[in-house]
Amino acid sequence: MQRPLDVLGSSEGKRIIIKLKSGEEITGILKAFDSHINVWLDEADSKDSEKEVKLGRVLVRGDNIIFVSPAQ
Amino acid sequence: MQRPLDVLGSSEGKRIIIKLKSGEEITGILKAFDSHINVWLDEADSKDSEKEVKLGRVLVRGDNIIFVSPAQ
Amino acid sequence: MQRPLDVLGSSEGKRIIIKLKSGEEITGILKAFDSHINVWLDEADSKDSEKEVKLGRVLVRGDNIIFVSPAQ
Amino acid sequence: MQRPLDVLGSSEGKRIIIKLKSGEEITGILKAFDSHINVWLDEADSKDSEKEVKLGRVLVRGDNIIFVSPAQ
Amino acid sequence: MQRPLDVLGSSEGKRIIIKLKSGEEITGILKAFDSHINVWLDEADSKDSEKEVKLGRVLVRGDNIIFVSPAQ
Amino acid sequence: MQRPLDVLGSSEGKRIIIKLKSGEEITGILKAFDSHINVWLDEADSKDSEKEVKLGRVLVRGDNIIFVSPAQ
Amino acid sequence: MQRPLDVLGSSEGKRIIIKLKSGEEITGILKAFDSHINVWLDEADSKDSEKEVKLGRVLVRGDNIIFVSPAQ
Chain A
1 MQRPLDVLGS SEGKRIIIKL KSGEEITGIL KAFDSHINVW LDEADSKDSE
51 KEVKLGRVLV RGDNIIFVSP AQ
Chain B
1 MQRPLDVLGS SEGKRIIIKL KSGEEITGIL KAFDSHINVW LDEADSKDSE
51 KEVKLGRVLV RGDNIIFVSP AQ
Chain C
1 MQRPLDVLGS SEGKRIIIKL KSGEEITGIL KAFDSHINVW LDEADSKDSE
51 KEVKLGRVLV RGDNIIFVSP AQ
Chain D
1 MQRPLDVLGS SEGKRIIIKL KSGEEITGIL KAFDSHINVW LDEADSKDSE
51 KEVKLGRVLV RGDNIIFVSP AQ
Chain E
1 MQRPLDVLGS SEGKRIIIKL KSGEEITGIL KAFDSHINVW LDEADSKDSE
51 KEVKLGRVLV RGDNIIFVSP AQ
Chain F
1 MQRPLDVLGS SEGKRIIIKL KSGEEITGIL KAFDSHINVW LDEADSKDSE
51 KEVKLGRVLV RGDNIIFVSP AQ
Chain G
1 MQRPLDVLGS SEGKRIIIKL KSGEEITGIL KAFDSHINVW LDEADSKDSE
51 KEVKLGRVLV RGDNIIFVSP AQ
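Chains as they are written, first to last, in our numbering: chain A, 1 to 72; chain B, 1 to 72; chain C, 1 to 72; chain D, 1 to 72; chain E, 1 to 72; chain F, 1 to 72; chain G, 1 to 72.
Incorrect hints may appear among the rest.
Computed cross-link-like contacts, DSS-like style, restricted to lysine-lysine with a CA-CA straight-line distance of at most 25 Å [said to hold, decoys possible]:
1) E:K21 <-> G:K21
2) G:K51 <-> A:K47
3) F:K51 <-> G:K51
4) C:K47 <-> D:K14
5) B:K14 <-> B:K54
6) C:K54 <-> B:K21
7) D:K54 <-> D:K21
8) C:K21 <-> C:K54
9) F:K47 <-> F:K21
10) E:K14 <-> E:K47
11) D:K47 <-> C:K47
12) D:K21 <-> C:K47
13) A:K47 <-> B:K54
14) C:K47 <-> C:K14
15) A:K21 <-> A:K54
16) F:K21 <-> F:K51
17) C:K21 <-> A:K21
18) B:K51 <-> B:K14
19) C:K51 <-> D:K51
Okay, the calculated bits of chain D under chain E, using three or more residues with CB under 8 Å as the criterion [to be verified]:
20) 5–19
21) 57–68
Chain C is nowhere near these chain D residues, computed Cβ spacing over 12 Å in every case [to be verified]:
22) M1
23) Q2
24) S22
25) E52
26) Q72
The hints are simulated quantities; they were obtained by calculation from the structure and are not laboratory data. Every residue gets a Cβ at the ideal spot worked out from N, C-alpha and C, and that includes glycine.
Chain A extracted, bound-state conformation (with noise of 0.2 Å):
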């Protein structure tokens, strides 16, 4: 049987979309996660209504988050 984690497994250095329950967006090139979904990214931007921000390298701490897709 498959674990759930693992489909962040298949997407390792690839581009993935992070969905944050401050309704904020971060995407990025996933570099590494762990079972706390803890992810680290790299070329990263942020967006939210407003505006995008340009982040580079990033952790994201992961109780922040809602979902992670890969980027279609």
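Using the hints, position chains B, C, D, E, F and G against chain A.
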């Protein structure tokens, strides 16, 4: 005796509806889940009172979930 | 000495009412529960001040629950 | 040395008042409790600024509770 | 080296003030506490900006507490 | 390698400033702390946008804290 | 395989930006961190939409953090 998460076990490969604390609903094909109710869905869409968004593959972090129900 | 979750044990197979932190109420036939008060209901409906929705089978994540009561 | 939950032990079989984070108060006969302060009450009623509701038997999830006090 | 909860140990049998996240203050004679800062008070009163209420004996769940201070 | 709580170890006996999630600031002489960042202060005062209050000895529950800084 | 907190390991001694759930941003030289993402910064400043404040040395409690990024 059965355990409450067995309801998810019998929904694997089938479409479910997830109601989130944020008010959003996410539907998709259940691929995997764990004891935190972290959920991996395929062919997923999210919907709130304003709009519907195609998500495709998605990992929903369990602590955002109010309830999960098989799609009828 | 009894434990508080015994009240759920004696309600298995019977209709219960769950009051959620969101203000919603969910009623259904109790099929299973665990120590986090994750609850599996059959023949469930949700109700808030505006509308009533038929849910059928549903898994409610325990951390959303204020209280659980046998339906009278 | 005594422990704070001993105050509940000496209230078993007696009427207590529970103040919830939601602003509601629930009163009832204390039947059982555990270390999370999950509480089982019989002959319970809930009350907020607008209305009073007869609950009968109820299990209150501990994380909703601000304080518990013997009814005077 | 001392530990922060020692400040409570030296207040047993004395009046303390508890500031809650809800904005309320509760004062009373400290009878017992545990590592979660669950607190049992006797001769307690609660007070917010609008009113003061006599509580008598009370168990305050630790996760509601901002700070505890000996009454001066 | 150093650990982040070492910053508190080197502040024992000295005045620190604690910024709370509620918006309040508390200053006082650091007497003790633990791994949850529960903090015991002496000669403490609290301050928000409206008023300053003398607290004297106080135990601050760690989960309320945004950051701690040595007073400059 | 790398772990997400490795991104902090490679930033020790360098300036980072921390985005908090409160909306504030804190920047400073990373001195130490732990598995909860508690972070010790030197030469730190905090900034919100209204003002910038010099903090100097500061310990940020991890549960307030949305993300951490190396300053560019």
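To see whether the hints hold, each was checked on the structure:
Proximity of E:K21 to G:K21 is assessed by CA-CA distance (about 17 Å); at most 25 Å being required, the pair is judged to hold. Between G:K51 and A:K47 the CA atoms are separated by roughly 23 Å; this keeps the pair inside 25 Å, and the hint holds. Taking the CA atoms of F:K51 and G:K51, the gap is about 20 Å. The hint holds against a cut of 25 Å. Pair hint C:K47 plus D:K14 does not hold up; C-alpha atoms about 33 Å apart against a cutoff of 25 Å.
Restraint check: the Cα-Cα separation between B:K14 and B:K54 comes to about 18 Å, which is no more than 25 Å; the hinted pair holds. As the CA atoms of C:K54 and B:K21 are separated by approximately 19 Å, the hinted pair is consistent with the 25 Å bound. Among the hinted pairs, D:K54 with D:K21 is consistent with the structure: their alpha-carbon atoms are about 19 Å apart, no more than 25 Å. Straight-line distance between C-alpha atoms of C:K21 and C:K54 comes to about 19 Å, which keeps the hinted pair within the 25 Å bound.
Taking the CA atoms of F:K47 and F:K21, the gap is near 13 Å; set against the 25 Å cutoff, the hint holds. Proximity of E:K14 to E:K47 is assessed by CA-CA distance (about 19 Å); at most 25 Å being required, the pair is judged to hold. Pair hint D:K47 plus C:K47 holds up; C-alpha atoms about 19 Å apart against a cutoff of 25 Å. Distance restraint check for D:K21 and C:K47: the Cα-Cα separation of roughly 21 Å lies within the 25 Å cut-off, and the hinted pair is therefore satisfied.
Between the alpha carbons of A:K47 and B:K54 the distance comes to roughly 18 Å, so the proposed pair stays at or under 25 Å and holds. For the proposed pair C:K47 and C:K14, the alpha carbon gap of about 19 Å is at most 25 Å, so the pair holds. For the hint linking A:K21 to A:K54, the alpha-carbon distance of about 19 Å falls within 25 Å, and the restraint holds. At most 25 Å may separate the alpha-carbon atoms for a hinted pair to count; F:K21 and F:K51 meet this at roughly 17 Å.
For a cut-off of 25 Å, the pair hint linking C:K21 to A:K21 stands: about 17 Å separates their Cα positions. As the CA atoms of B:K51 and B:K14 are separated by approximately 24 Å, the hinted pair is consistent with the 25 Å bound. Note on C:K51 and D:K51: the hinted pairing holds, with a Cα-Cα distance of about 20 Å set against a maximum of 25 Å. Restraint check on the region 5–19 of chain D versus chain E: 4 residues with Cβ-Cβ distances below 8 Å, three needed, restraint holds.
Residue count for the region 57–68 of chain D with a Cβ under 8 Å from a Cβ of chain E: 6. That meets the three needed, and the coverage hint holds. With a closest Cβ-Cβ approach of about 21 Å to chain C, D:M1 is found to remain outside the 12 Å limit, as its non-interface label requires. Its beta-carbon lying about 18 Å from the closest one in chain C, D:Q2 satisfies the requirement of being farther than 12 Å from that chain. The beta carbon of D:S22 is not kept farther than 12 Å from every beta carbon of chain C, the shortest such distance being approximately 7 Å.
With a least CB separation of 15 Å from chain C, D:E52 remains clear of the 12 Å interface cut-off, as annotated. Listed as outside the interface, D:Q72 is consistent with that label: its C-beta sits roughly 23 Å from the nearest C-beta of chain C, beyond the 12 Å cut-off.
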